[in-house]
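> If you want the building blocks of each chain, they are given just below.
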Amino acid sequence: MGTNANVKSVERVVVRLAGDSGDGMQLTGNELTRASALAGNDVATFPDYPAEIRAPAGTLAGVSGFQLHFASQDIFTPGDEPDVLVAMNPAAFKKNIGDLKPGGLAIVNQSAFIKNNLRKVGYDESPLEDPVLNERFRIVPIEMNAQVERALENEGLSTKEIGRSKNFWALGLLYWLYGRNADKQLKWIDEKFANKKKFAESNKKVFLAGHAFGETAELFGESYRVEAATTDPGHYRNIMGNQALVTGLVAAAQKSGLEMVLGSYPITPASDILHAMSRFRHYGCSTVQAEDEIAAIGVAIGASYGGAIGVCSTSGPGLALKGEALGLAHIVELPLVVVNVQRGGPSTGLPTKTEQSDLLQALFGRNGDAPLPVLAAKSPADCFDAAYEAVRIATKYMTPVILMSDGYVANGSEPWRLPDLQKLKAIEVNVRVEPEGYEVYQRDETTLARDWVIPGTPGMEHRVGGLEKDSLSGEVSYVPENHAEMCRVRAEKVRGVQAEIDAPELYGDLDGDTLIVGWGGTFGALRQACDDANEEGLGVAHCHLRWIHPFAPQLDAILKRYRNVLVCELNSGQLAFLLRATFLKDVKSFTKVEGQPFRIREVLAEIQKLQGSSNA
Amino acid sequence: MGTNANVKSVERVVVRLAGDSGDGMQLTGNELTRASALAGNDVATFPDYPAEIRAPAGTLAGVSGFQLHFASQDIFTPGDEPDVLVAMNPAAFKKNIGDLKPGGLAIVNQSAFIKNNLRKVGYDESPLEDPVLNERFRIVPIEMNAQVERALENEGLSTKEIGRSKNFWALGLLYWLYGRNADKQLKWIDEKFANKKKFAESNKKVFLAGHAFGETAELFGESYRVEAATTDPGHYRNIMGNQALVTGLVAAAQKSGLEMVLGSYPITPASDILHAMSRFRHYGCSTVQAEDEIAAIGVAIGASYGGAIGVCSTSGPGLALKGEALGLAHIVELPLVVVNVQRGGPSTGLPTKTEQSDLLQALFGRNGDAPLPVLAAKSPADCFDAAYEAVRIATKYMTPVILMSDGYVANGSEPWRLPDLQKLKAIEVNVRVEPEGYEVYQRDETTLARDWVIPGTPGMEHRVGGLEKDSLSGEVSYVPENHAEMCRVRAEKVRGVQAEIDAPELYGDLDGDTLIVGWGGTFGALRQACDDANEEGLGVAHCHLRWIHPFAPQLDAILKRYRNVLVCELNSGQLAFLLRATFLKDVKSFTKVEGQPFRIREVLAEIQKLQGSSNA
Amino acid sequence: MPETQPLVTLKKKDFQTDNDVRWCPGCGDYAILATVQKYLATTGKKKEDFVFVSGIGCAARFPYYMNTYGFHTIHGRAPSIATGLKVAKPELDVWIISGDGDSLSIGGNHLLHILRRNLNVVILLFNNQIYGLTKGQYSPSSEQGKVTKSTPRGSIDHPVNPAAFALGAGASFYARTIDTHAKHMLEVLKAAHEHEGTALVEILQNCVVFNNAAFDDYASRTTRDERAVFCQPGQPLGFAKGERALDFRKGRFKAVAHEDATYVHEPSNAAAAYALAQLRYPVADAVPMGVLYQEQRATYDGLFVQDTKDAKSAGKEPTLHNLLHRGDVWEVK
Amino acid sequence: MPETQPLVTLKKKDFQTDNDVRWCPGCGDYAILATVQKYLATTGKKKEDFVFVSGIGCAARFPYYMNTYGFHTIHGRAPSIATGLKVAKPELDVWIISGDGDSLSIGGNHLLHILRRNLNVVILLFNNQIYGLTKGQYSPSSEQGKVTKSTPRGSIDHPVNPAAFALGAGASFYARTIDTHAKHMLEVLKAAHEHEGTALVEILQNCVVFNNAAFDDYASRTTRDERAVFCQPGQPLGFAKGERALDFRKGRFKAVAHEDATYVHEPSNAAAAYALAQLRYPVADAVPMGVLYQEQRATYDGLFVQDTKDAKSAGKEPTLHNLLHRGDVWEVK
Ligand SMILES: Cc1ncc(C[n+]2csc(CCOP(=O)(O)OP(=O)(O)O)c2C)c(N)n1
Ligand SMILES: Cc1ncc(C[n+]2csc(CCOP(=O)(O)OP(=O)(O)O)c2C)c(N)n1
Ligand code: SF4
Ligand code: SF4
Ligand SMILES: [Mg+2]
Ligand SMILES: [Mg+2]
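Here the protein sequences line up with chains A, B, C and D, keeping their order.
My numbering puts the first residue of the first sequence at 1, with every later residue one more than the last.
My numbering puts the first residue of the second sequence at 1001, with every later residue one more than the last.
My numbering puts the first residue of the third sequence at 2001, with every later residue one more than the last.
My numbering puts the first residue of the fourth sequence at 3001, with every later residue one more than the last.
No lab work stands behind these hints, which were simulated from the structure alone.
Note that the coordinates shown come from a computational prediction; the quantities given were computed from them, not determined experimentally.
Honestly, I wouldn't trust all of these hints.
What the hints assert, rightly or not - Simulated coverage check for chain C against chain A, where a stretch passes if three residues somewhere in it have a Cβ under 8 Å from a Cβ of chain A:
no.	segment
1	2038-2048
2	2079-2087
3	2106-2118
4	2194-2207
5	2300-2311
As the list claims (entries may be wrong) - Incomplete in silico selection of chain D near chain A, CB under 7 Å:
no.	residue
6	Thr3134
7	Lys3149
8	Ser3150
9	Pro3152
What the hints assert, rightly or not - If you want the ones that stay clear, here's a sample from chain C, every Cβ over 12 Å from chain B, calculated:
no.	residue
10	Asp2225
11	Arg2249
12	Trp2330
Glycine included, every Cβ here is placed at the ideal spot set by N, Cα and C.
Build out the structure end to end from the sequences listed, making use of the hints.
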């Protein structure tokens, strides 16, 4: 392939695509991600939806962004700051240019920099000529509209339709810039628009035009290549968190031989779990879109009572509404998985942004003493394992389990190494059909789980419910000692889940003074910050918790081994609070409540500060 | 008054009345309480309803109990074990006789000890002749039915009606036994049955017959007198917790000059708050019985938005349902008081029993970081102060406040010294009508409260809501730093309530090794246990927390001063958890989750054990 | 609940549990319990196939007294739990037991949605026009002006009309019966149970303690002969011992002499059912009982099962391998 | 909303805020916003007396664009918040803005209860038969079989009929209008606003992104002349440019030639309204618009205010002293 530019090899690239909500930036981002993953790069993405409704074209509020990080080595986050910014209009430019790395490349759709648009975001004149900006960044304005129009000249498309395919032009250009395989993309376009041949053709044309532009125009000094990452052998797919989570649930159902019923009420950023699950009916995994949040968990409880695995998916405000029903599931001791994909709170808060501020709600948000196992997924692909594990514990221990995800993990994507089917743990199920000697609250000696007796089983008719029950027969009981015993044993059962948990993995420089602790979606940022800190010789270890309740064994000893324990989380210090109460260790908190994930350098700076002060 | 028995002076008496749910034991108990209080005794009561529905006559499940403690000195609890048991049937006898103090008096309605009734509770023969029991207790069987029938011979009442007035006979007997003023009781009966003259007459007759029986029958060796307690001068009323709470709310509304709207959905044991409040409409305090728990808080929030003081009352399962709406009230920063009268949990649990297991739910039961002030009432009369304080903080700081009560405090009663009207603190209200320079989230420099602008005020139209808002203008804002700032300032405002809180009062032997810490309705038992422990020279101090969030100033120093800190609560250690997390103090927990209040001697025993072990 | 199974012979007492029944002496719930037990024994179905799901309230204690499977859930939510149950195990014979508070206050939304979805269950709504369990506050079905613990000066809420609400919500079956009329109740239970879809049965139930004699004007043993209309399909809507009848004119029912009535009861006539639902004594001279409305419509669980079948026959073989290997998979060696 | 006040002259733009309106270009919400602003300017009332209370959804953003008081609450709960507001300040002119999901899914119970209580407010229910804000799942008013993100094989839920639901819930006013028909909407808004009690207005609203053209068969500029019936009290229910009309026979509406129709629209006829509510295109030839039902009934807030007055005139003087000194008080000296 003859090219007018040098090909430069780089280790990693961070690209941010930004445009109007209607500009198709999410699609473009996803496609470039797929291409990079298929080329063997490690990838990590961060879609950043602006607000919940499509705002008027050209406004700052309407800007939709997608950041993609691809590399030839292991990477953990979508990157702190982009190397390349693609800005489709002045709003996108204005909102994002400040984040671009100094010297970074800004590819800008100049056609959109007309008066009207400029005025909408408060520019008096086009910033593309601003000498300060041009000194700082490499700004490449392109008349994309004209390019696209030319490519589609004789296709008989409306102006609106022509305008809508701009993103394929940009995609083509990026394909050229990073040497991606254009054929696969063309095939994908054919499949995607199989029913609308007209658009398949036009989009392909536009895509190729963008590609050719890179090739022929002399605007770019060079194009780039990122080698395949040397990752563990195996089969890989690029996967988004919510997709991986559903896959984990379905896999667990499949492994257990049980049906699964997801009761859910749509809510951002959890809705995709409902959407994805609705496509696994042939796996015996079904969905009920309930009338409200409470009905959603009601459906899941009813399904579990009927011998299926009940699941529900929601976000913070929804979890708040499910507290009473969770208490019911706890006291009747049925298996249930409640997925909470966290978003910015309190109240409606920042619904499209990420946060980790529902942890204490997950632990304590219901009346009475009603402890439940709580675990968290740390990355998009990890959602598979976490979901699988949640089902496994729920059925084995006959208990509701709360699985915490967050908007960052849910919408982000990364390559996922498909698990070895042989190595998936068995899903233990306590279904009993033997009436002889059956008692409703008889328990397994090891797990303390009661038996799961499904209505319809002959000879075992019995009643369950939310009133306190006799610790053996399951009849309603107001006996004081019985209540104490039942509360004790329910708590002990949940604590007993610790037997399933490995001691937490410690990473980094284990012999230093400092341990950073995290949970959930901050994994990537903390892991990278730990590496970076150790490169500076700061001697930092990283411990990321899968389980919040119960805590992993040996966590106590680990925490006590370090002089400085810095708990990093996207809330006002909730895990830190739990650790302090549980272990009486004076852990320090580094928190951020901005609806945004940690940047690596923020964490690094905090480590530096901590060590500075603790050495002082 | 000639009498056939000696009159013996005693310091304190604990009487327990027990009978079928339909036997009127609660009424009898309340009347004897009133008479004792009017006679100047200090009193404390503990009604113990059996289950939520009236069970079939004569069963154990149907037994309703009422315990009354009256004394000539300060008392703190209804007493661990009764000196006197009045048992109206075999079920009541069987259920309660084990609690009677050795040597105690059991007054028993022998008429009910017929085969059928005995069989219902598993007695083969009448226990009244059991020599073991008769050795242990002073059992006095009386054919009450016959007595009552005789008294009403010519009144033309049905057998059912005659049966129903047994409780007045028992009341008459007790009046004689403790030398209470019978005239006042007769007057009360007249008033109570003003519309049913027939019953007024018959009940008076029966009451007097019971009284005369004591006087003439030679069954009792002696009658008793308990002198008036030497209490602080002032006006007194006997009051139940829920009544005092409503009085406190109404007083605060009255003092503030604002209207009050209680939105509530009935739930045991909080329903009486709704009932009581519905009688204060002429004070501008109104009630809306909402369609559900969520609507109830919705109504309260709407009322607060409209410039009234919004209140809602509920119990644990109801609070669980209000979490989402509480988050809304938190983020829009409106004053609101949510009263949670705790009962046994989890789930429906033990709805008529007491517990303190909703504390962590009150603190954390909502999505996002949404801290609220949380305080607790420690005794029936204290509900007045706590409710008044809750309103005061809510309006001054423009924040929802959660007020914790419990079934024991709510249904118990004690004499209440009417507060000095002059000394009631002012209720500060931030209503603003001045449009000039108004910004929705502008704050008072000291309290950080925003202004309260009531719809209808000219020139100040603005929008509020659950999405994050700009920290000044109140417009929707997705700006990361703004969200962080708003979360910070909302938390700081709530923490700032500490400025209103006195350092916790320490009681007992302040220089010992041991501090017992409690909150809410366990006050009486802990206080008495502290006294008892110090009588044994154990050197114990007692600190009872009014505020759980924020904690009182200087609590840190106090906790750290003691080697042993024993946190006593009716849950599985929730306050202890908070104290450990907040102060990193290794407090010990003494907990009880039986749906029953602490007995003094249980606490004492725990103190002894603790000191034993810590000295070992 | 159609599917025929090998007949089983059970007696009423086979459906009784050992538990002490804990309602107040004289409560209407006893009669309902007895009638349901009696009815079930006539169905030829096995004990283990019945599930009684309830919310919270006096009525909701019902499952504890039924020797079948039972789930005493939380306040108002029984319909959603029953939905999950039927979806997981459609072959079960599910009955929901609820009160006027449970169904029409806190549970109103779930009642709406179960009705419109037409889940194949029977719902018994024990309407005593009061909150019994919480000791006597007015309920959504209490008449305006009712003096209760929470409304010392009388309630100001216009009541919910359960029949009208059910129809508006899209119920495919609504019937009304009376706790003290075992024979009628049996008939209605049979019709409800045989209906495919959600069969809502409102049972006028006397709360002897907190709302005694609430229905005595038209539903007591003595007054119902005068003022209750026992609707029968294809028959005139007669009452007053056959002397009078309701006639349907321009969308309104009017009492006329029996011989003048031209309208015969047509349970599939939605507007007529709605007009019947409006009749409240004493504004109207008579109150209708029996099956006011019935319509044949696909059930939610039926459609659900069909959807599963369709998906299974259309989908790729559901193996773990296929689950994992979707989309673009690449291999690293 | 009757009380007359000194007239104020405001313009439509006085009701606009500086906020960027954040609906999708082409969304039906824009037209509704404009029409409401226009209507308010005709009322002669002051800006500060209006309060717009909403739940969550695209529609629920409405208050941010109204230069009046506004409260964007939480999903489904606006009616309860409005109830508290009206009780605290009955003189306010309160409008509730909601969507089909907000009102008929999560908020169904509150809609039921506000309607039966008859709180004196206007409710605008933006029915786009889809969840817009959460990006396109079917809603309770979506037609059965609808393919959406959450129902790839088509939904199986029988839809809620908002009109029938409202009537069954005891609504005292129900009307239907169309986003693209400003003139009709203005008329309906006026009727609703002037109604004393809860006036529920269902607005057929186009969600251009997730459910485009949902009403085009009978409510678009071109089809409505053929298939919409614009109901007017006392007039036949004509459609198809006056050629045909709906006639009411035995509880059912049938399309007949205009001259054959004997029924004239009677908004107080509950059963007729209920029968009208059943008409859905294409099962029925025409779909009714306008005020389908209206009844005069005491309002909740009216009764509330009266109750307060009564209590105040009956009660002891409300002083702090009297509050504390109730019951048996004794003095210790
Ligand atoms: C969340 C919640 N709020 C309140 C209650 C209290 N509660 C229990 S039953 C009931 C109403 C009972 O009325 P109804 O459904 O008519 O049943 P009935 O007792 O009359 O049979 C209420 C308010 C509860 N159990 N849970
Ligand atoms: C408790 C809770 N659950 C779920 C959501 C998510 N949610 C927001 S709006 C909405 C439905 C919107 O549909 P509709 O009311 O029809 O309004 P539209 O967007 O179509 O105008 C949902 C499910 C939420 N905000 N809160
Ligand atoms: S309170 Fe009423 S409904 Fe409840 S058991 Fe007693 S009589 Fe029956
Ligand atoms: S999603 Fe639909 S309803 Fe929402 S703003 Fe866009 S077009 Fe309007
Ligand atoms: Mg009831
Ligand atoms: Mg909608």
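> Are the hints correct? Go through all of them and say.
We went through each hint and held it up to the structure:
1. With a threshold of 8 Å between beta carbons, the proposed coverage of the segment 2038-2048 of chain C by chain A holds, since 3 of its residues qualify and at least three are required.
2. Check on the segment 2079-2087 of chain C: 9 of its residues sit with their Cβ under 8 Å from a Cβ of chain A, so the three-residue criterion for coverage holds.
3. Under the rule that three or more residues need a Cβ within less than 8 Å of chain A, the assignment of the segment 2106-2118 of chain C holds, with 4 such residues.
4. Evaluation of the coverage hint for the segment 2194-2207 of chain C: breached, as 0 residues show C-beta separations to chain A shorter than 8 Å, against a requirement of three.
5. Closer than 8 Å: that is the beta-carbon criterion, and the segment 2300-2311 of chain C has 4 residues meeting it against chain A, so the requirement of 3 holds.
6. With a least beta-carbon distance of about 4 Å to chain A, the hint placing Thr3134(D) at the interface is held under the 7 Å criterion.
7. For Lys3149(D), the interface hint holds, since its Cβ comes within 7 Å of a Cβ in chain A; the closest pair sits about 5 Å apart.
8. Taking 7 Å as the C-beta contact cut-off toward chain A, the hint placing Ser3150(D) at the interface holds, the least distance being around 5 Å.
9. Evaluation of the Pro3152(D) hint against chain A yields a held restraint, the C-beta minimum of about 6 Å falling below 7 Å.
10. Non-interface call for Asp2225(C) relative to chain B: holds, since the shortest CB-CB distance, roughly 28 Å, exceeds 12 Å.
11. No beta-carbon of chain B comes within 12 Å of the beta-carbon of Arg2249(C); the shortest separation is about 35 Å.
12. Every Cβ of chain B is farther than 12 Å from the Cβ of Trp2330(C); the closest lies at roughly 36 Å, confirming the non-interface assignment.
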